[in-house]
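Participant: Spelled out, the chains give:
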Amino acid sequence: AQSVSQHNHHVILSEAASLELGCNYSYGGTVNLFWYVQYPGQHLQLLLKYFSGDPLVKGIKGFEAEFIKSKFSFNLRKPSVQWSDTAEYFCAVTLDSSNTGKLIFGQGTTLQVKP
Amino acid sequence: KAGVTQTPRYLIKTRGQQVTLSCSPISGHRSVSWYQQTPGQGLQFLFEYFSETQRNKGNFPGRFSGRQFSNSRSEMNVSTLELGDSALYLCASSSQGGSDTQYFGPGTRLTVL
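Protein chains in written order, with our numbering: chain A, 5 to 119; chain B, 55 to 167.
These are calculated hints, taken from the structure and not from any lab test.
The structure presented is a predicted model; accordingly, all values stated were derived computationally and were not measured.
Every residue gets a Cβ at the ideal spot worked out from N, C-alpha and C, and that includes glycine.
Treat the hints loosely; a few may be bogus.
To be verified - DSSO-like, lysine-lysine: derived pairs with alpha carbons at most 30 Å apart:
#1 A:K62 to A:K75
#2 A:K53 to B:K111
#3 B:K111 to B:K67
#4 A:K73 to B:K67
#5 A:K73 to A:K62
#6 A:K118 to A:K73
#7 B:K67 to A:K75
#8 A:K73 to A:K53
#9 A:K53 to A:K118
What the hints assert, rightly or not - A few chain B positions that, by computed beta-carbon distances, are all more than 12 Å from chain A:
#10 I66
#11 T74
#12 S81
#13 V86
#14 F123
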């Protein structure tokens, strides 16, 4: 079965540190890739997405992600985190062949940024 | 545009009861998907509806069902509630489903006692 793995379950950083959250998926076909964020007490929001084209995608709030097809990876990065980035981050995929809105989520990574 | 709305926001039920949750998508969106979020299992896909038809279904028992109305509003129903059904139920809408971006509502927190 298709799956998404997020290797970092809980990350603690100081403000201004750089961030990289890992995401790998298991599916040999074409996928669409997403990163969602859930701030404390708020609903899931889209950070960025990749469908095709330039494998380096930029999202909101200074986040970016790189799709590496050979590694089945879509890692999220931010050069300098802020306290307000404290949240839970979810990587997700949809299978291009399915043509349905079934998002397959990773387990999530809780990011805690210390001021 | 108004976002995805879900009602009620909180529910407390007892085992054996049934519950109906409601979701109003973003205006113009025709696809509605439902997800269950728990600390142990994370976010799991329940089902997707598009133009009143269920287009995909996750790996949940038949106690979980849903429907979509002609105005794209959707409901999900859980019958014979079990303790393990306690979760945050999220609804997401998108324009056409598929690879379209899904926009999530705030969720309904269901507690089964």
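Participant: Each hint: holds or not?
Facilitator: Here's how the hints hold up against the structure:
1. A:K62 to A:K75: holds (20 Å)
2. A:K53 to B:K111: With a Cα-Cα distance of about 23 Å, the restraint between A:K53 and B:K111 holds, given a limit of 30 Å.
3. B:K111 to B:K67: Holds: B:K111 and B:K67 sit about 25 Å apart, inside 30 Å.
4. A:K73 to B:K67: The hint is violated at about 46 Å.
5. A:K73 to A:K62: This hinted pair holds, its Cα atoms lying about 17 Å apart.
6. A:K118 to A:K73: Distance of about 33 Å is beyond 30 Å: violated.
7. B:K67 to A:K75: violated (45 Å)
8. A:K73 to A:K53: holds (15 Å)
9. A:K53 to A:K118: holds (27 Å)
10. I66: Holds: least Cβ distance 20 Å, greater than 12 Å.
11. T74: Non-interface label stands for B:T74: nearest chain A Cβ at 20 Å, farther than 12 Å.
12. S81: holds (17 Å)
13. V86: violated (8 Å)
14. F123: Answer for B:F123: holds, closest chain A Cβ roughly 17 Å.
Checked against the numbered hints above, the structure violates hints 4, 6, 7 and 13; every other hint is satisfied.
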